[in-house]
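S.K.: Residue strings, one per chain:
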Amino acid sequence: AQTVTQSQPEMSVQEAETVTLSCTYDTSENNYYLFWYKQPPSRQMILVIRQEAYKQQNATENRFSVNFQKAAKSFSLKISDSQLGDTAMYFCAFMPDSGGGADGLTFGKGTHLIIQP
Amino acid sequence: KAGVTQTPRYLIKTRGQQVTLSCSPISGHRSVSWYQQTPGQGLQFLFEYFSETQRNKGNFPGRFSGRQFSNSRSEMNVSTLELGDSALYLCASSLAGLGGEKLFFGSGTQLSVL
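Going down the list, the sequences are from chains A and B. Going by our numbering, the first residue of the first sequence is number 1, and it counts up by one from there. Going by our numbering, the first residue of the second sequence is number 1, and it counts up by one from there.
Treat the hints as calculated values from the structure; they're not laboratory data. Where a beta carbon is used, it is the ideal one built from N, C-alpha and C, also for glycine. Hints may be right or wrong, so weigh each one.
[Said to hold, decoys possible] Below 30 Å or equal to it, Euclidean Cα-Cα: the simulated DSSO-like pairs (lysine-lysine) are:
1. A:Lys78 - B:Lys102
2. A:Lys55 - A:Lys70
3. B:Lys13 - A:Lys73
4. B:Lys13 - A:Lys70
5. A:Lys70 - B:Lys57
6. B:Lys57 - B:Lys13
7. B:Lys102 - B:Lys57
8. A:Lys109 - B:Lys102
9. B:Lys57 - A:Lys78
10. A:Lys55 - A:Lys78
11. A:Lys70 - A:Lys109
12. A:Lys55 - B:Lys102
[What the hints assert, rightly or not] Computed, partial: chain A to chain B, Cβ under 8 Å:
13. Thr20
14. Tyr33
15. Met45
16. Glu52
17. Lys55
18. Phe91
19. Lys109
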């Protein structure tokens, strides 16, 4: 089974600043996918970004980018020019290439990100 | 294209009762999975259905069951409710439930067991 660890329960930054959320994971799989999901107060999980482990290039989606370090099993999310609407819980998640099996999508405990005006 | 729809949004039940939650996936998606979210345990995988068959199952007791219909809509049932079943239940759909596919989530059903 794999584990996902998010060591920052809560973070707070000023609007327009850049913030980095940390995530580490542990797995014996060689091929897998990593995700960052955002859960605003509406409770709906929204996919922010996805990274394929076999791709060395870090994924980017507009203001969101990741720093994927496969050897270190680290997958951090960087949010540039943060906006008030970025305030939410952020979850790091893992899925083997073979599918979730009995674990499904494995989530970390989440980081509550607060963007201050 | 409509998103994943979960009904009802809120439910209040008492211990010992049973409950059924519903999930309508995005049109064309054939895989539906369910997750339980609690403050203490976080997000935990319940089960996944594909083409009306349970394909994967998490580590939950048999009181938790589900099914999927031919139109890919899914229901989840919890029997003999316990206080610890109070949680947000999230449903997610994807095209085929393959490892790298993006999961699209609904807004969840908040279940309170009194």
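S.K.: Which hint numbers doesn't this structure obey?
M.R.: 3, 4, 9, 13, 17
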